[in-house]
Amino acid sequence: MRIYTRGGDEGKTSVIGGRRKKHDQRIVAYGSIDEVNSFVAKARHSVAKKRELHKLESELLVIQHELFDCGSDLATVKPDPTYKVTERNAAQLEEWIDHWTSLSPEIERFILPGGSEASADLHVCRTETRRAEREVAALAEIETIHMPVLAYMNRLSDYFFTVARFVNHSLDVADIPYERSAIVFKD
1024 MRIYTRGGDE GKTSVIGGRR KKHDQRIVAY GSIDEVNSFV AKARHSVAKK
1074 RELHKLESEL LVIQHELFDC GSDLATVKPD PTYKVTERNA AQLEEWIDHW
1124 TSLSPEIERF ILPGGSEASA DLHVCRTETR RAEREVAALA EIETIHMPVL
1174 AYMNRLSDYF FTVARFVNHS LDVADIPYER SAIVFKD
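Count along the sequence shown starting at 1, add 1023, and that's the number in our numbering.
Please keep in mind that the hints were generated in silico from the structure rather than gathered at the bench.
Be a bit skeptical, because a hint or two may be false.
Between beta-carbon pairs, the in silico distance windows are [what the hints assert, rightly or not]:
(1) A1160 / I1039: 38 to 44 angstroms
(2) E1110 / I1165: 19 to 25 angstroms
(3) K1065 / I1026: 18 to 24 angstroms
(4) R1132 / D1103: 43 to 49 angstroms
(5) E1140 / Y1201: 29 to 35 angstroms
(6) H1068 / D1103: 30 to 36 angstroms
Don't be surprised by glycine CBs; every beta carbon is placed ideally from N, CA and C.
Work the whole structure out from these sequences, hints included.
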């Protein structure tokens, strides 16, 4: 099987339902999600180095599959009853967020990305997810999209923040407080 098709040599690519310019917002949006998926692979590798983080590694693998589903749903131009992402995906992230939050120390102020290598990788996932979410939101302003994808991306960045903090805590590495932060996290 050949991996190249030459079909994109003139600046267009195929989507489910036609062809688009490679700089089309739909292509930018699902391309950004693909980039997030690669960062998640890197974070999963960092997490895999620590046996005590095995459950987190398996969640990251699930997320990689779900990100692929998000890209597939965004590559589908016309409404399609076979969309893969549902409200249940975001709800699952909320359950995971609540679980990892319950195992982490409370936080009152902003923190800087970092601490451990694995936490830093997860913070990169968080910021890249935020960027991809902005691209999906920009697409939603000009075209119809499957909205559960946008909700999923929003929740996913919260997930990465939460697990980055949990990883530092589980490795006995302190989060790095932002020194000029006011108290921003209150019950």
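Consistency of the hints with the structure:
| no. | hint | in the structure |
| --- | --- | --- |
| 1 | A1160 / I1039: 38 to 44 angstroms | violated, 21 angstroms |
| 2 | E1110 / I1165: 19 to 25 angstroms | holds, 23 angstroms |
| 3 | K1065 / I1026: 18 to 24 angstroms | holds, 22 angstroms |
| 4 | R1132 / D1103: 43 to 49 angstroms | holds, 44 angstroms |
| 5 | E1140 / Y1201: 29 to 35 angstroms | violated, 20 angstroms |
| 6 | H1068 / D1103: 30 to 36 angstroms | holds, 33 angstroms |
Violated hints for the displayed structure, listed by number in ascending order: 1, 5.
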